[in-house]
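Undergrad: So the chains spell out like this:
Protein chains: 2
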Amino acid sequence: MKSYQKLEKRFGRLLALREAAGVLHWDASTMMPEGGSSAEARSEQLAALGTVCHDILEDSETSDLLDDAEGLNDLNIWQAANLREMRHMWVHATAVTSDLVEALSKASMRCETKWRSARAESDFNGIKPMLAEVLKLVKESAAAKSEALACSPYEALMDEYTPGLRQDIVDPIFSDIEAFLPDFLKAVLDKQAAAPQPIIPKGPFPEAQQRELGHLLMGTLGFDFSQGRLDISLHPFSGGTPDDLRITTRYDEEDFTSGLMGILHETGHALYEKNLPKDWRRQPVGEARGMDVHESQSLLIEMQACRSKEFLTYAAPLMKQAFKRDGPEWQVDNLYQIYTTVEPGLIRVDADEVTYPAHVILRYNIERALIADDMTLADLPDAWNDGMERLLGLTPPDHATGCMQDIHWFDGAWGYFPSYSLGAMTAAQFFDAALEANPDILLAIAQGNFTPLYSWLTENIHSQGSLLETPELIKRATGKELDAGIFKRHLETRYLT
Amino acid sequence: MKSYQKLEKRFGRLLALREAAGVLHWDASTMMPEGGSSAEARSEQLAALGTVCHDILEDSETSDLLDDAEGLNDLNIWQAANLREMRHMWVHATAVTSDLVEALSKASMRCETKWRSARAESDFNGIKPMLAEVLKLVKESAAAKSEALACSPYEALMDEYTPGLRQDIVDPIFSDIEAFLPDFLKAVLDKQAAAPQPIIPKGPFPEAQQRELGHLLMGTLGFDFSQGRLDISLHPFSGGTPDDLRITTRYDEEDFTSGLMGILHETGHALYEKNLPKDWRRQPVGEARGMDVHESQSLLIEMQACRSKEFLTYAAPLMKQAFKRDGPEWQVDNLYQIYTTVEPGLIRVDADEVTYPAHVILRYNIERALIADDMTLADLPDAWNDGMERLLGLTPPDHATGCMQDIHWFDGAWGYFPSYSLGAMTAAQFFDAALEANPDILLAIAQGNFTPLYSWLTENIHSQGSLLETPELIKRATGKELDAGIFKRHLETRYLT
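For the record, the sequence lines run as chains S and H.
For the working numbering, count along the first sequence from 1 and bump the result up by 718.
For the working numbering, count along the second sequence from 1 and bump the result up by 718.
It is worth saying that the hints were derived from the structure and are not from the lab.
Warning: the hint list may mix true and false statements.
Chain copies aren't distinguished; within one or between two, either way the pair holds.
Stated by the list, open to error - With a Cα cut of at most 27 Å, we get these calculated BS3-like pairs of lysine-lysine:
{"#": "1", "residue 1": "Lys857", "residue 2": "Lys846"}
{"#": "2", "residue 1": "Lys724", "residue 2": "Lys824"}
{"#": "3", "residue 1": "Lys832", "residue 2": "Lys857"}
{"#": "4", "residue 1": "Lys720", "residue 2": "Lys996"}
{"#": "5", "residue 1": "Lys824", "residue 2": "Lys720"}
Isolated chain S (complex conformation):
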């Protein structure tokens, strides 16, 4: 057991250092002054942390301890899973050379910085050389990892964000949705067009009132402000640690609706972290399962629970009170109509839950082709525009609202996109199973009581940490493998009945 205990100590330190990096990221997005060289200093600090973390994994003693511990036969299931997750981290870290990691990190930082100005000018040709450099290094990394993980290069990229995710899981699901979407979308748009339009509440909605309402509803969900914070950042995110949850949002004083839903979305992420198994804190098996499951927890809260008529029944009077307003626009039915409006658009982050998968499938097809050399960067803008036309019937007027809109590719995060839509489908399946296990969940939500829902989530998802691999986690929690049919039924029920 000695080797296993030593690994726990070693990985405990590694994860504490990653937590430190998390605080530095949060600070950079919320508190750090923007002038001078503060960003440069911060990236030096983060690079130093990244190096020492990498060194811990690359140390030959870590490798020896892993080999030795894998020969032990008296580990319990949590310890065995912990060891499996340690090996997974080790494989990702050691499959690539430090030089490649550094080169990719620097190329991504350069490209991302340039992208900010190039996007403003829709200048794809201006960013293409830097993007080509990033893509070249991503492909090198993918090739090296594909060997170590015994999977395709593209799968090796997805595996960083959602361990174990393979194309034979994604392809049939995305094909299914891709076939389903055009007719379904048309039917929803026809139905919406035939109905009276919702009344949009008129601003301004002062930031302080929005924040107060956000705090109130976060509390309803179970967020404890003695163990967490809500701050402002340009791009909302959920950070911090299970004992110190840090979520962020941004406020639009003309429209409170999307900011509020953003807060509830991030609260979903945060409460997943909060409920992870405390006995395995700062151990790989005690961490969240992967980006798809993480996204399932935020989307379950946002899309399944909080855009429901039940939640809006509870929230509508609180909204009126927070903004000191009244009138027909604050009726539950009207608010529900606003929160379930479907409208094809060019921008992924503004998309509703019906059209969102189209955005993801477009990116999935393109990045897979680029990694597999079935396409070159020169073809990217046309491929993007063709795909948008085919999937949503829209043509971007420029690259800023087209293939340059997302930071991911320019920042080196290839293989990330699928987790968004897999998360949405997993959310639908988890929520469906939760309601089956306890039909009172929605009734309780209508009374502002999230305890029944969180009991089920904590028991079946959160408290499991990374004990199970994702397909097994889904199967044990819901009785079946990931099934796009449940997501489709959710859409049909919400948008066509």
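Based on these hints, arrange chain H on the given structure of chain S.
TA: Positioned in the frame of chain S, the structure of chain H alone reads:
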């Protein structure tokens, strides 16, 4: 040169990691929620950072590189000084075993936590066993370092905070002040008693107005809010990095005067950091010179510059404006009288500049005796009370306002106190030299122009980083060794003429 370059890279990473720890400390004092286990998680993160920093110094390759680089004869003076500072950090880190470092860190954390409640109850006997454990480990550490540094154990402790500080520097200065103080203090108190009392401005002074005034005057001093922040914490401090200065304060709505001076004090610390040599950023030679010089920069700003009649001439109208007040209490002479009131008291952190050295000398004598085994902890309360009676004519009614008032000993920071008073004397000497070099400095301050003062400080102190050892820095900047006579003359001029 190769060994030297490798050391620069290694220490660059080390100092980046220490900066990361600094961000975590700042966050813990200003932003971190107080509930749950956030503090415990933070100390795990800081412990992990401490361990990897220690590992970098203890690594045998670091030792080999230092040995090799010390044989080079083509280093320039900055490189040679950098190497000297690297060796100094190395000696402190490697003189003690990791086990001792960890034991001391844990004992200090336990003792400090217990001290918070024990102090509230004035319970010296309750804290004594834990304090004894801390003292035992501090003595072990001091003994080990005294050998490596070829100095006395107590000097080895001082050396951590103010490198190179030895008793033959401190003793004559403190003896001089100790002999000077009683008669001087009596004369000042007599003079004050004979004069009309100052009129104290009446509160409340809303926090927002105090903050605005603080921001305004920080800006006057040269603080750039695009590269720094002012926040609230229980114990004010100056943190962050040269590119990202983070100072804190606390506000008392009944009395704005001490909070405002606290902000200016911390601004003095921050602007020292800001003006350190950019070419040596994240190298030991580019760091601040030591705690005594750091304190000289905050005290020069607070005591020498900002409690001057010239500064108050500039600030008085801004105070009136900030608080929307008027009346005789806002006259410069009245404000000057408030800001130069002398009153012997029990609490060091509330002391004026005349009585402050008495507090420090008391602690210096006691901690030196305890480290040298000339005294035991059982004698501490009596030694304290006797010293207070002798130095300031006061007897603490309890230990909370007596020997338990400061966190330092309970937190393991032995040998720190002298730097406060050495800083005050160094500040007087620097300011005196600056005025001699440029007699217009005070005139400019009266117009809210700190540029002449900061030109001198930047050139003679800040831009030097740790190029020179402290005695040499003082000598080059002022033409002579540290001279308590200048501090005494400052007190005589301000308080008796």
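Undergrad: If you test the structure against every hint from before, which numbers come out violated?
TA: Structure breaks no hint.
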